[in-house]
Amino acid sequence: MMFNNQNVRISQKATIGKNVRIGDNTVIFDNVVIEDNVTIAHNCIIGEPLNEYYSDPDYENPVTIIGANSLIRSHAILYAGNIFGKHVSTGHRITLRENNTIGDHTVIGTGTDIQGNVIIGNYCRIYSSVAMAPFSKIGDYVFIFAFVVLTNDPYPPSEDLKGCTISDYTQVAAHSTILPGVKVGSNCLIGANSVVNHHIDDYSFVMGNPAKLIMDIRKYVMLGKGRLYPWMYRFSRGMPWENIGYENWMNKKSE
Amino acid sequence: MMFNNQNVRISQKATIGKNVRIGDNTVIFDNVVIEDNVTIAHNCIIGEPLNEYYSDPDYENPVTIIGANSLIRSHAILYAGNIFGKHVSTGHRITLRENNTIGDHTVIGTGTDIQGNVIIGNYCRIYSSVAMAPFSKIGDYVFIFAFVVLTNDPYPPSEDLKGCTISDYTQVAAHSTILPGVKVGSNCLIGANSVVNHHIDDYSFVMGNPAKLIMDIRKYVMLGKGRLYPWMYRFSRGMPWENIGYENWMNKKSE
Amino acid sequence: MMFNNQNVRISQKATIGKNVRIGDNTVIFDNVVIEDNVTIAHNCIIGEPLNEYYSDPDYENPVTIIGANSLIRSHAILYAGNIFGKHVSTGHRITLRENNTIGDHTVIGTGTDIQGNVIIGNYCRIYSSVAMAPFSKIGDYVFIFAFVVLTNDPYPPSEDLKGCTISDYTQVAAHSTILPGVKVGSNCLIGANSVVNHHIDDYSFVMGNPAKLIMDIRKYVMLGKGRLYPWMYRFSRGMPWENIGYENWMNKKSE
Chain A
1 MMFNNQNVRI SQKATIGKNV RIGDNTVIFD NVVIEDNVTI AHNCIIGEPL
51 NEYYSDPDYE NPVTIIGANS LIRSHAILYA GNIFGKHVST GHRITLRENN
101 TIGDHTVIGT GTDIQGNVII GNYCRIYSSV AMAPFSKIGD YVFIFAFVVL
151 TNDPYPPSED LKGCTISDYT QVAAHSTILP GVKVGSNCLI GANSVVNHHI
201 DDYSFVMGNP AKLIMDIRKY VMLGKGRLYP WMYRFSRGMP WENIGYENWM
251 NKKSE
Chain B
1 MMFNNQNVRI SQKATIGKNV RIGDNTVIFD NVVIEDNVTI AHNCIIGEPL
51 NEYYSDPDYE NPVTIIGANS LIRSHAILYA GNIFGKHVST GHRITLRENN
101 TIGDHTVIGT GTDIQGNVII GNYCRIYSSV AMAPFSKIGD YVFIFAFVVL
151 TNDPYPPSED LKGCTISDYT QVAAHSTILP GVKVGSNCLI GANSVVNHHI
201 DDYSFVMGNP AKLIMDIRKY VMLGKGRLYP WMYRFSRGMP WENIGYENWM
251 NKKSE
Chain C
1 MMFNNQNVRI SQKATIGKNV RIGDNTVIFD NVVIEDNVTI AHNCIIGEPL
51 NEYYSDPDYE NPVTIIGANS LIRSHAILYA GNIFGKHVST GHRITLRENN
101 TIGDHTVIGT GTDIQGNVII GNYCRIYSSV AMAPFSKIGD YVFIFAFVVL
151 TNDPYPPSED LKGCTISDYT QVAAHSTILP GVKVGSNCLI GANSVVNHHI
201 DDYSFVMGNP AKLIMDIRKY VMLGKGRLYP WMYRFSRGMP WENIGYENWM
251 NKKSE
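Those protein sequences? They're chains A, B and C, same order as listed. Counted from 1, the first sequence has number 131 at position 131 by my numbering; the numbering is strictly sequential. Counted from 1, the second sequence has number 90 at position 90 by my numbering; the numbering is strictly sequential. Counted from 1, the third sequence has number 105 at position 105 by my numbering; the numbering is strictly sequential.
Extracted from the complex, chain A is given alone in its bound form (with noise of 0.2 Å):
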């Protein structure tokens, strides 16, 4: 019942790959590429132009990429210029503002409003209603759990933006919000519901309002459970190492 055909306008100077499927009431502009055995759902738009567009007659809308072998799920507004990798996956009614570069396999929540020149790395999981504003840039396997907000202006409003980094494997749990500038460290866990106003070590364990160092994140132990970080190496669902465990691929990588 889906993939009518109804009422989906593609460009001409759109580039389309093999096993495409395009919902209704979809809107591909120009110069968006859409590799092979992507799915784009119901009402999405893909490659909106940006400003210029509506004074510029000699607009050209910058190239916009969606990898091979993503789903975009319905109601999604992507702006021109967002490069996807591949098997990236995205809930319902996302906002990617343009210039945004998004990692392989990558999944984006319902909801998530990337506000242009963000990069995100590979493996990521962003989950439901996440505000990343410019220039954030996210390493790989991060997750970023429900109304975390990365913010990029120190003094508001000012022209004088910073953009947050979060880098790898580090979890933000939900309704936390990052100040600008700030860097958080690889393999940490930002409790929910924190501000994080300072750089963050790597392996550090922190919530509150200011966030504080609650512990090395390494000594974090459970009982009857052990090491619960760094994470890798009881997680792999989706992961590269999820056949063959965190260890062996780390091995692999590195022969």
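Hints in this document: simulated from the structure, not taken from any laboratory. Backbone N, C-alpha and C fix where the C-beta goes; we use that ideal spot for every residue, glycine too. Treat the hints with caution; some may be incorrect.
[What the hints assert, rightly or not] Here are the computed distance ranges between Cβ atoms for each label pair:
#1 Asp56/C / Glu60/B: 23 to 29 Å
#2 Glu159/A / Gly17/C: 32 to 38 Å
#3 Asp160/C / Asn197/A: 47 to 53 Å
#4 His199/A / His198/C: 44 to 50 Å
#5 Tyr54/B / Ile244/C: 53 to 59 Å
#6 Lys253/C / Tyr220/B: 44 to 50 Å
#7 Glu159/A / Pro230/B: 48 to 54 Å
#8 Asp56/C / Pro230/B: 34 to 40 Å
#9 Ile214/A / Glu242/B: 46 to 52 Å
#10 Asp160/C / Asp160/B: 40 to 46 Å
#11 Tyr54/B / Asn197/A: 40 to 46 Å
#12 Ile16/A / Arg21/B: 34 to 40 Å
#13 Ser11/A / Glu159/C: 48 to 54 Å
Could you slot chains B and C onto chain A? The hints should help.
Here is chains B and C on its own, set in the frame of chain A:
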């Protein structure tokens, strides 16, 4: 001007009751049952197929039920397997993943995101932009305000998901986070922006990060208003005791 | 490729100015007035009828006005009775319930939810995913960042709703909650994730849960930058003093 039957698609395997109105561009998938006197506004997706739909040629869509007299406002996305009671009313752009159960007379606000396998009782008011992780359980007459998050992962990322429970008559104010597996008792008030990290006894007024007990809510008195909680003696709009008062209604029930 | 007039429906009781562009699948209801040079993008609903529309056969839709030169981005839902000034600009998927007044040159971000009977002044910047309860009042030149909530119910659930007031030139950082009836003065800075539970004097910098006074904002000095607030002397993009400076503009105004 509404209900022009423009671009409406209804599966032949759906069951539509009497006096049902369906807005333009709305799609009703297989095995959806829409009971009498239901209104579904524009641009809704009811019974969205689960992931297996994309890969399994024998895929059968789970049953979805929209109870009699319900109103689903525009741009809702309801996955297959949702069971709505009667007189349910929703805001715009709600997202419900599969297999939630929503009680009679419950209201779900604009932009709320219910992530599957959630149970919500009768006469609840879930306001805008609430996020409920899978396995959340909500009693009857519960009010949950904007941007509240019910989480479920105690040490992310893990497979050891534990939903929260919010018991009857409890109020959860805006921006609060309920940590995984926490049980909040009945008749509680959770102050705005709280982080609830432990079980909360019935009749507790808590707030803060982490949430601390302020007082027994029955002692919360306001000059000229008297005792404010339990709230059912002073508020009845939309509740089953609306015209007779809570005490009479309780007496009648127990007859 | 936009503005194909596909599936656009405009009530015969609507008034459309000159040089108006209306996106595909957009619906304009009765008694909507769209002034000259307005752009309304795809999939918008302008003048959505109120609840009585569903039950009252004599229902008359309140007047809705979209002021000249405004831009409403896609998937907006504006109920009847909204009055927009000139040069208003919005993100995607905004939801405005009935009877809000939005001033000239104000910007409303993606996903913001304004719940009716709200007044917003001129030249405000309301960012993404802000929630404003009914009876909120916002002055001129106010900036409100992502996930801020303006509440209105002092002891939920009640019928004793009291909106918040945010005065001219004030900045409310991300994730803050303003409690019911609170008046925030002019030229304040509310730090990220604050809970404001009492009136705030002009020129206050507050933060925390509950929000505490950090300093008189006029004493906030940064090395190499000097005094940061009031911000109008160092920031002018999109403001009426953009090309002449705040001081000159003020002098001109008072001439």
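Evaluated hints:
no. : hint                            : result
1   : Asp56/C / Glu60/B: 23 to 29 Å   : 42 Å, violated
2   : Glu159/A / Gly17/C: 32 to 38 Å  : 34 Å, holds
3   : Asp160/C / Asn197/A: 47 to 53 Å : 36 Å, violated
4   : His199/A / His198/C: 44 to 50 Å : 33 Å, violated
5   : Tyr54/B / Ile244/C: 53 to 59 Å  : 58 Å, holds
6   : Lys253/C / Tyr220/B: 44 to 50 Å : 48 Å, holds
7   : Glu159/A / Pro230/B: 48 to 54 Å : 52 Å, holds
8   : Asp56/C / Pro230/B: 34 to 40 Å  : 35 Å, holds
9   : Ile214/A / Glu242/B: 46 to 52 Å : 48 Å, holds
10  : Asp160/C / Asp160/B: 40 to 46 Å : 43 Å, holds
11  : Tyr54/B / Asn197/A: 40 to 46 Å  : 43 Å, holds
12  : Ile16/A / Arg21/B: 34 to 40 Å   : 37 Å, holds
13  : Ser11/A / Glu159/C: 48 to 54 Å  : 53 Å, holds
Checked against the numbered hints above, the structure violates hints 1, 3, 4; every other hint is satisfied.
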